[in-house]
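K.L.:
Chain by chain, the residues:
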Amino acid sequence: MATDLTFAPDETGIGEINKYDFVTETSGVFRARRGLSAQIVSEISEMKGEPRWMRDFRLNSLKIFESKPMPHWGGNIGIDFQDIYYYLKPTEQQGKTWDDVPPEIKETFDKLGIPEAEKKFLAGVKAQFESEVVYGSLKEDLAKKGVIFTDTDTAVREHGDLVREHIGKIIPPEDNKFAALNSAVWSGGSFIYVPKGVKIEFPLQAYFRINAERMGQFERTLIIVDEGAEVHYVEGCTAPMYSSESLHSAVVEIIVRRGARCRYTTIQNWANNIYNLVTKRAMAYGDSLMEWIDGNLGSRLTMKYPAVYMMEPGARGEILSIAFASKGQHQDAGAKVVHCAPHTKSRIISKSISKNGGRSSYRGLCKVQDGAVGSKSNVVCDALILDPASRSDTYPYIEVEEQDVQVEHEARVSRIGEEQLFYLQSRGLTEAEASSMIVSGFIEPLVKELPMEYAVEMNRLIELQMEGSVG
Amino acid sequence: MIETLKITNLHVSVGEKQILNGVNLTINRGEVHALMGPNGSGKSTLAGVIMGHPNYEVTEGTIELNGQDILEWDATERARAGVFMAFQRPMAIPGVKMADFLRHATTNVRNPQRKEGEQLIPMREFRKELREKMTQLKMDEEFARRYVNDGFSGGEMKRAEILQMAMLRPKFAILDETDSGLDVDAVKLASQSIAEIGGAEMGILIITHHDRLLEHNTPDFTHVILGGRIVETGGVELARELYTEGYEKVRERHPEDAAIEKEMAAKDKQLVGGGV
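As they're listed, the protein sequences go chains E and H. Sequential numbering of the first sequence, starting at 2, is according to the working numbering. Sequential numbering of the second sequence, starting at 2, is according to the working numbering.
Careful, some of the hints might be misleading.
Ranges between beta-carbon positions, derived for each pair [what the hints assert, rightly or not]:
no.: 1; chain 1: E; residue 1: L163; chain 2: H; residue 2: R128; range: 33 to 43 Å
no.: 2; chain 1: E; residue 1: S415; chain 2: H; residue 2: R125; range: 32 to 42 Å
no.: 3; chain 1: H; residue 1: M124; chain 2: E; residue 2: K97; range: 18 to 28 Å
no.: 4; chain 1: E; residue 1: E26; chain 2: H; residue 2: E119; range: 40 to 50 Å
no.: 5; chain 1: E; residue 1: E44; chain 2: H; residue 2: D151; range: 24 to 34 Å
Cut-off 27 Å, straight-line C-alpha distance, at most; resulting in silico cross-link-like pairs (DSSO-like, lysine-lysine) [said to hold, decoys possible]:
no.: 6; chain 1: E; residue 1: K328; chain 2: H; residue 2: K116
no.: 7; chain 1: E; residue 1: K197; chain 2: E; residue 2: K170
no.: 8; chain 1: H; residue 1: K129; chain 2: E; residue 2: K449
no.: 9; chain 1: H; residue 1: K116; chain 2: E; residue 2: K20
no.: 10; chain 1: E; residue 1: K69; chain 2: E; residue 2: K97
no.: 11; chain 1: H; residue 1: K172; chain 2: H; residue 2: K250
no.: 12; chain 1: H; residue 1: K250; chain 2: H; residue 2: K268
no.: 13; chain 1: E; residue 1: K449; chain 2: E; residue 2: K346
no.: 14; chain 1: E; residue 1: K200; chain 2: E; residue 2: K346
no.: 15; chain 1: E; residue 1: K449; chain 2: H; residue 2: K98
no.: 16; chain 1: H; residue 1: K270; chain 2: H; residue 2: K18
no.: 17; chain 1: E; residue 1: K170; chain 2: E; residue 2: K49
Hints listed in this document are in silico derivations from the structure and should not be mistaken for laboratory results. Think of the CB as a built atom: it goes at the ideal place given N, C-alpha and C, for glycine as much as any other residue.
Extracted from the complex, chain E is given alone in its bound form:
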């Protein structure tokens, strides 16, 4: 049996609910003053020893951020932008082995099971703690083939031209207020380049941990999968629970070149005091495949709609989205597919679960541009509502500018039926077990798409979310 990614299997299941909820005592080497200003942005840039073009990019992005109103749709964003720490450097330098990482931080990742997973089934790991990547590894044979897997700060220094060419091109700072904010204060995140024809068999994983209170984490990820290459990138994220709000606002840009494949899997399990406002977008070129697998279980509010722009004929985009909203949570999640070229194909499958007064919304866009003849899109949204206090909404946006296309949209909302519960209970399952089984069956079509280790983790997280859900 495979073990869980983020915690050792525990036969009893008792006490697991709090496994992510611990605070690590660290001294940190630098913390920017609380709040946001041009001066703070400049300081972050200087601290990082960045080239001028990047500092200008940041300062310009800050202006855009300040000029844009808060989004008037989605969820209630109750953030005081001046009450957040935008940059917190936990350690002087990044470790190449876990022994190089400060012991208290290494212990954090030990508890989350990262080094163990790395040994077993990962091709490379990046571990980000607050604002910086504190540990990074990549299998030697991949490095020899020219694969680059590094944190984005290092990439700015070591692969400046490549970064400068692509960063902010897929998601410009003007795209939305939070993309602008990230562009101004970004720190950490992954930079990946997979050379032509290189197929990476095992996943590359990044793990993001927020530890401090009133923290803002703004990683910036850029992935370039060159012609005929393949990569699977996985990210996980957790944080301890605080009474005050924290902000996580990432930007992820991906280029999938001709004939390449990229799969990006997220298992988001932030604490319920975190606003998770993320922009993710991929451009897929001729005959390539971009897949987003997006699991949202944690956070107070998530607004995230991974996108695929199909730029050349034969490009495909697939998005599988799972959202689980419990008490005090709002998951406003979904997907965007944009058909910019003929004979492109997309598929969106969204499954959401709401319980204990949680709210989940599917928000999605399917756009077919004029000239994208012969394109096909299929969207299926299923929502499961566990009790009358919970809520589910669907906001599908469909814009089709071309006649010769096939666009399908299907949405279903169901409630756990009393008869289903009675049936399972009559076979000796408790009411809680029965609900849990119905829910795990509901998401099974998505979970089976995950590699075994992540499927196990996803099921375990769902079980944790379900604990105490009944009665």
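Given the coordinates of chain E, work out where chain H should sit on it, guided by the hints.
P.N.:
Quick look at chain H alone, frame taken from chain E:
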């Protein structure tokens, strides 16, 4: 000690409507009982209330398992105490494989004290037993990998119910019209199967319209329910008579209960449109 499921003076209503009007029935372990009656006479209600369906309200009477009143127990507790019901219309649970569902169910019923999250029956042991039972019931192994009742044909659903009964090995089993919707051959197979999985060791209540299901499970007692009460009890010959001749003679012999039956049917009509 002989184990007994004893129903005494049971009155049950659903919402405003009184459905059972004083049912008395005692089933000993090892006995086969047939329960027959016209539509709307309360057969399925009796099955559901024995299993603990939350929508049925017991207004009077008792249900006892080996002398212990089980009315306050929910379906989970009753199942773990050895009560089983084969559903007339089993529920589909999409995405949940038969094998996973059965492993949970079997573990819970065999280890009634089990707490959530505690270990399940070891996979190897469970698979071996499941395979044996499925072979016995002439079921394809593929069946275990399908989602519970999802897209099953009528016959498959009923066989799945019998498979569950075989795995859970209940003390008392109620079969609610396990023959409904099945063709002649399928009923025959079901009847054989019930006998083969050791039906003789259980106390069985077979609710049916036909006598075919009884072919391999000869009833020790046949009960007739009319207007929410058991009005007659006889042997196997009563089942045959009812199947061939219908309920008119029974109604003639029990005019009062027939009147109640009529009244209940009239109320049903009034309530149509109200979603009953």
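K.L.:
When the hints from earlier in the document are held up against this structure, which numbers fail?
P.N.:
1, 3, 4, 5, 10 and 11
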